[in-house]
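Q: Here is how the chains run, residue by residue.
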Amino acid sequence: MTNALEIEGLVKTYGDGFEALKGIDLHVAEGDFFALLGPNGAGKSTTLGIVCSLVNKSAGKVRVFGSDIDTHLSDAKLNLGVVPQEFNFNQFEKVFDIVTTQAGYYGIPLKKASESAEKYLRQLGLWDKRNTPAMMLSGGMKRRLMIARALVHEPKLLILDEPTAGVDIELRRSMWTFLEEMNRQGTTIILTTHYLEEAEALCRNIAIIDHGRILRNTSKRELLQQLSSETFVLDTAEPLGHAPVLDGFYSHLDGEGAMVVDVEKGQSLNGMFIQLEEKGIRVVSMRTKANRLEELFIRMVEDNNPSTAREGDAA
Amino acid sequence: MRTDAMLTAYKTIVTREIRRFMRIWPQTLLPPAVTMTLYFIIFGNLIGSRIGVMDGFDYMSFIVPGLIMMAVITSSYANVVSSFFSMKFQRSIEELLVSPVPNWIILAGYVTGGMSRGLGIGLIVTLLSLGFTELSIHHLPMVILTVFLTSALFSLGGFINAMLATKFDDISIVPTFILTPLTYLGGVFYSIDMLPGFWQGVSMINPILYMVNAFRYGILGVSDVNPYVALGMIVVFITILSAVSLRMLARGKGIRH
Numbered sequence: 001m002t003n004a005l006e007i008e009g010l011v012k013t014y015g016d017g018f019e020a021l022k023g024i025d026l027h028v029a030e031g032d033f034f035a036l037l038g039p040n041g042a043g044k045s046t047t048l049g050i051v052c053s054l055v056n057k058s059a060g061k062v063r064v065f066g067s068d069i070d071t072h073l074s075d076a077k078l079n080l081g082v083v084p085q086e087f088n089f090n091q092f093e094k095v096f097d098i099v100t101t102q103a104g105y106y107g108i109p110l111k112k113a114s115e116s117a118e119k120y121l122r123q124l125g126l127w128d129k130r131n132t133p134a135m136m137l138s139g140g141m142k143r144r145l146m147i148a149r150a151l152v153h154e155p156k157l158l159i160l161d162e163p164t165a166g167v168d169i170e171l172r173r174s175m176w177t178f179l180e181e182m183n184r185q186g187t188t189i190i191l192t193t194h195y196l197e198e199a200e201a202l203c204r205n206i207a208i209i210d211h212g213r214i215l216r217n218t219s220k221r222e223l224l225q226q227l228s229s230e231t232f233v234l235d236t237a238e239p240l241g242h243a244p245v246l247d248g249f250y251s252h253l254d255g256e257g258a259m260v261v262d263v264e265k266g267q268s269l270n271g272m273f274i275q276l277e278e279k280g281i282r283v284v285s286m287r288t289k290a291n292r293l294e295e296l297f298i299r300m301v302e303d304n305n306p307s308t309a310r311e312g313d314a315a
Numbered sequence: 001m002r003t004d005a006m007l008t009a010y011k012t013i014v015t016r017e018i019r020r021f022m023r024i025w026p027q028t029l030l031p032p033a034v035t036m037t038l039y040f041i042i043f044g045n046l047i048g049s050r051i052g053v054m055d056g057f058d059y060m061s062f063i064v065p066g067l068i069m070m071a072v073i074t075s076s077y078a079n080v081v082s083s084f085f086s087m088k089f090q091r092s093i094e095e096l097l098v099s100p101v102p103n104w105i106i107l108a109g110y111v112t113g114g115m116s117r118g119l120g121i122g123l124i125v126t127l128l129s130l131g132f133t134e135l136s137i138h139h140l141p142m143v144i145l146t147v148f149l150t151s152a153l154f155s156l157g158g159f160i161n162a163m164l165a166t167k168f169d170d171i172s173i174v175p176t177f178i179l180t181p182l183t184y185l186g187g188v189f190y191s192i193d194m195l196p197g198f199w200q201g202v203s204m205i206n207p208i209l210y211m212v213n214a215f216r217y218g219i220l221g222v223s224d225v226n227p228y229v230a231l232g233m234i235v236v237f238i239t240i241l242s243a244v245s246l247r248m249l250a251r252g253k254g255i256r257h
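Those protein sequences? They're chains A and B, same order as listed.
Take 1 as the starting number for the first sequence in full-length UniProt numbering and just add one per residue.
Take 1 as the starting number for the second sequence in full-length UniProt numbering and just add one per residue.
This is chain A alone, in the form it adopts within the complex (with noise of 0.2 Å):
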């Protein structure tokens, strides 16, 4: 099977001399649902303005469904789709006219494009909005307005940088259910994210960078495999003046009451569940807490960068 991005030894490095990149290697194949993940100024944006054309490389290659960026340029752009972090269309033209006219730019005809346009903007729930001005539109509005232009040309590979940020959580959750939707009609992703639910939720497979390196590039089932522990998020029936100490269990309440416990890979449940009964304390429901990733992700780029870890540490 073709990659939809192969990337090899690639190399940034800024006119003021800073190193951005420092040969990154990434391969992500057809049809996959791919995170790159990293703390700020790590590189994903550099390296996803690469991809797309908005940032020069200083070396390396880069492939877009088998299109090498240095000779096939056209042919790759062709296949790509770019939903950048910041809002960059005309503010004052109409949401319509900016889907219609990125259309255009890759060469499809108005009928075709204004078809186009409207299956997307439909599905984003954009349509009624077709003759404001980009201006008009809300924050969660221009993001849709993003991936609807990002997708006007039916392009085999999305790259979202960022596509939630600054989204409330029910239209997040849209936005998840619309991507997933369209990875599963085949059209390859990738996304950088802060929101690192958001990737656990959505991704199957995960790059970790840092100051310009990959740390990591694997699934993410083999990822989570990593964790030594799993955090559970308890409701009891009464609510709890502090947490219950429990013997060989960690416990502590979070923002809202409920009792978060962490219980160690092999570990059993049922010796957790005897100890509350004891105690006297119902369980009326139980779930995972959902940022395993976000403590890998962390514990990783720590790792990497020892006197981070140390003024978090000290903090």
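To be clear, the hints were calculated from the coordinates, so they are not data collected in a lab.
All the pointers check out, no bait thrown in.
Capping the alpha-carbon separation at 27 Å, the derived lysine-lysine pairs in DSS-like fashion look like this:
#1 B:Lys-253 - A:Lys-61
#2 B:Lys-11 - A:Lys-111
#3 B:Lys-88 - A:Lys-142
#4 A:Lys-119 - A:Lys-94
With chain A fixed as given, assemble chain B onto it according to the hints.
A: The following block gives chain B in isolation, referenced to the frame of chain A:
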């Protein structure tokens, strides 16, 4: 990119450019019409009647070609510099950069957009001038060639200015401190025969003088310079500025990191 797809991309850029200056017509179309009408009234009618004849024509007839050219030059330049720089400023230029449109199509699209506004303004000013004087065409091909090529040249100038600009101040420096003085000293309001020998020589290094005179030759049949030399110079300038623009686009000057 296939040829038909490139043509669609070109049409898309041109359409967007025309839509932009039509949407803000009180800023783009109206001001030159008002300014030129004032020139016709004040310099043509009121002062011109006292100046008398210049190069064998009444003063109003003499200044009309220069004023049309002045409007074409400033409008062509202003359209591209403001449109392209605001795309850079709003980062909507990235819409083009991520797409497969070749650089020469991007340049051709913007230049055509600038020419559309420049020539549109030229037509408006010409129609307005008919309310003040009679216009006869001495050499139609010269009129058409000069106005089209000049409009293209200053659209290219606006494009380079926009590529180099990093703030809004940068897009007003050239029009204010270079373009306007050169236009006023480019024989719009006078024949350089009126100047002392030294200043005649200095005037000859002003490229706008050649464009104004070539256009005046096309309309009135009189010129301070050889109009064919003027046409040749415009073509040379267009070639140079096109090469510079394409080089800047290829390197991503000011638009890629």
